[in-house]
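Between the sequences and the hints, there should be enough to build the whole structure, so can you do that?
2 protein chains.
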Amino acid sequence: MSKQEQIQVALGQRKADLVLKNARVIDVFTGEIRLAEVAIQGGRIAAVGCGYCGAQEADLQGRYLAPGFVNAHCHVESSMVTPPVYCMEELRWGVTTLITDPHEITNVLGGDGVRYMLAASQGLPVNYYVQLPSCVPATPFEHAGAVLTAEKMAEFLEEPRVLGLGEMMNYPGVVGCDEQVLAKLRLFEGRVIDGHAPAISGAGLQAYVGAGICTDHESTSFAEAREKLRAGMAVLVREGSASKNLRELLSGVIQERLDTRRLAFCTDDKHLADIRREGTVRHCLRLAVDLGMPPVTAIQLATINAAQIFGLRGIGAVAPGYRADLVVLDDLEQFQVAAVYKDGICEVQSGAFCIARAFAELGSAAQSVHIAPLALDAFALPPRETYPVIRLVPGQIVTQRVDLTKAQVQEGLAEGSLRKIAVIERHHATGNIGVGLLAGYGLTHGAVATTVAHDSHNLIVVGDNDADLYAAVNELVRVQGGYTLVKDGEVLGSLPLPVAGLMSNQPPEQFLPALEQMLALAHRMGVAQDIDPFITLSFLALPVIPELRLTDMGMFDVTSFQFVS
Amino acid sequence: MSKQEQIQVALGQRKADLVLKNARVIDVFTGEIRLAEVAIQGGRIAAVGCGYCGAQEADLQGRYLAPGFVNAHCHVESSMVTPPVYCMEELRWGVTTLITDPHEITNVLGGDGVRYMLAASQGLPVNYYVQLPSCVPATPFEHAGAVLTAEKMAEFLEEPRVLGLGEMMNYPGVVGCDEQVLAKLRLFEGRVIDGHAPAISGAGLQAYVGAGICTDHESTSFAEAREKLRAGMAVLVREGSASKNLRELLSGVIQERLDTRRLAFCTDDKHLADIRREGTVRHCLRLAVDLGMPPVTAIQLATINAAQIFGLRGIGAVAPGYRADLVVLDDLEQFQVAAVYKDGICEVQSGAFCIARAFAELGSAAQSVHIAPLALDAFALPPRETYPVIRLVPGQIVTQRVDLTKAQVQEGLAEGSLRKIAVIERHHATGNIGVGLLAGYGLTHGAVATTVAHDSHNLIVVGDNDADLYAAVNELVRVQGGYTLVKDGEVLGSLPLPVAGLMSNQPPEQFLPALEQMLALAHRMGVAQDIDPFITLSFLALPVIPELRLTDMGMFDVTSFQFVS
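Chains as they are written, first to last, in this note's numbering: chain A, -19 to 545; chain B, -19 to 545.
Not one of these hints is a red herring.
The following label-pair restraints were derived from C-beta to C-beta distances:
no.	chain 1	residue 1	chain 2	residue 2	range
1	B	ALA99	A	PRO140	31 to 39 Å
2	B	GLY232	A	GLY31	22 to 30 Å
3	B	SER(-18)	A	ARG364	46 to 54 Å
Over 12 Å on every C-beta distance to chain A, these chain B residues come out as not near it, computed from the model:
no.	residue
4	ASP92
5	LEU393
6	SER540
These are computed hints drawn from the structure, not numbers from a lab. Virtual Cβ for every residue (Gly too), placed ideally from N, Cα, C.
Okay, structure coming up:
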């Protein structure tokens, strides 16, 4: 019926639901910009032409009309808010399609995490697609909440919003033809399989791509990106909160006049406050044009390129039959968003939402913090000759390993240059706990704890005395995950992240100030000013980044790739 | 297993089946050309790099290496040879992928025609894809051999080589929301639906595209092609034997610097002799570069663009995981083909086939000419006041209608300016026969007949006396279809086309001289020199081209769109 109505609207036999008049349409097919009217019926574009009448009409007064933007790879959990909250912030800046990889929540909840994200994003005014996390757990050196095998993945194959396989981080498993890894690749044969191949090149890259991996978002140099393009990969140019690769990559592309059709934009991880301030893809567009990329080319990266890379029909262009996901732009330099239409409905006007929406219920994702009763000496250091210490490097995610004698450790703890750190398995109450030492964090007195701890998201806690360590752990059990700050047994502040211990379901107006307050409080407790008190902790349990990490299984030396014995 | 071997080859852990050394690789992703080696394993490209060893190695001596070409839309039957013969001629010139529309044979045999083409093309060294004919019969004003309904089409949905729906010629049916037409469009929703929209523009084009139609190959002006690109269609630039649109379309594209990603090459209908002489896509490449298109851009049209338009994974690029369908080119001006590899096997070297292949059996496609016994007065003109006459226009496919008195007709038949023409239903022996008059054909004495008669492919015969008309019909029943020439009851020559009355299964070395001989003989019998004796006849039964046509149901006036009463 709806197709018939669209045909009738196109022919002028029927009034459209909505006509956008006086639009400078960005044509991602021909590369042109031209003045036209867009007639919309049943949420789809019925026609781009002139002389159409609509039940509603909007005069765009010569503003630019682009297809809704696509963020080609993002981890929603990294924003620490649930899909509804995250999506609205993306939508505000013109993103109408998200390719998400729920890697974090799946490490906590397994397939139920994927189901939660699908359910929580259902019905939102964003096309919310999922790439199934390929590496849960990320390594064999930690205990995550679940193991997502190929068999369990198969349950999601018929889900229409599951497109393909998420970033395959297990490069050695791929090129070593690990049977479990190949089973996952086979399961998604013919679909888009995202890659994760930082610095992989030469023969290794050829093997990795030949195994069926289609995209990569880890290039940090132009040469790396070019090699991946040549190998047939789509390169997702990343501009997140921490990893900012756009300038380097696109400068080279522009200078070398490379074909751009296999490039798209993504954020990977971007904080909510950063999105709120500048958007995601909109920020990429601004940077790209500033580098000298023609605006329509940049918009191709933001729209049709991503849609073609992920095989999304009816998305990414202003043409009949396409979804009426549209962004009205004031200009093609700052890409100021004047309005956003999703399925033909005006959702955003001048930065404000037109429609009030209720946020989703927590559902099955709550109650994810399960810890075995802690022994009285749980945080005691084991008797050793020398102790390996994780030393933070300001402004970097890598750490250094320092080995200290028992006497040096006692002195460091006493004078405050060392702090105790612990990672406690929090999914299945196994009682697993890794205890170690941390240098360079600061913290005068008390404890800091979080359940956001990549990639297994166990509970990580740091402090100067065992009593506060206990108290911080108990507080996170009580609030079922989040951030907490404890001093002398008193909780100074908590930011609950009750969804899998990773996400808040508060609106940003409440969440962002609460987060700011926690950061300020932590710094007042003596955490070094050049360190993010919680994000720094959240990477200390990731046993793939040099040199020394702590998991629930103990101290792990990444250089020698084994536990410290 | 084969994927593991490819990975091992890429890593240099295993010898490749074949390594092409010293190749100037055409990179359709970045637009570059670079010197490299291509390692091939199990018919797939394992790696593009350097330092590879192979069980076989070939030194390309710096020649260009492009992905195998794609002919994005062709009717194999128009070559009058079976798929094996046709494919080998395409392959010789570098085409390794064909998107075919078996519209002609399906008009004769229905679904069995599709099955025949699929079977006859099975195992050939060409990726042979089928778009299911959407309009069988083409019009309600004639009787074809079959009616292909949406229900019957559904039988082919699971066939891996059936990609989508063939050219939707019923524009009025689409925009008029004819239920049968919409049922076909719905059946192929989400797949590629080819269009056929000559001169359709404005609101009508928007409606037609919005209905779900993805491609068009009928543009004859740049403005028409540009409007279709803007509307979101992929434009298949046609360069066939009769319709040559490339120069007009690509001149505009180059001059206006349009984005080229939604353009590909096709032939629609190209005669075997023309293919043999100059190729199909290779000829397009030569013309495009001659117009000033950069060679790599032209090769993108010939390869990755077509693959992306039709959603063909693993086709159209020289990169790991892609099929090792490759063309070695001496140059990027004439596009002289030095060698062709299909699935990593060298099939063509310096224009000669490396592997001898047997041609397919006729199978179920033989015995397609079924005619009811003709009455003694079958060719008698009905008694009328005035007679409508089809007048040929030299060099054009359109005809003119002339109305003559009974006396003028008798005089014309006597002096030889008029000839009798008949279209006889030949599929189901219904006895249907349309008889009319033809001017401008020539033919001194005797009869010319063919079973190739678009689109229903009934038997069409023209002659100066009823006895020879009878004899010609009988001869085509005897040989079960083809071309024949008869004089004084004697068959002067026949070219059997036993496959559906449309195709020969002879090799080109026998078929082409036989065809030449028939043409020469027809001209010696007096057929006008500026007329192709058989192809001209084959379009006289097509009731969609102005002004006057003859079907098995009678004289049809295309201008008034009704039968002459």
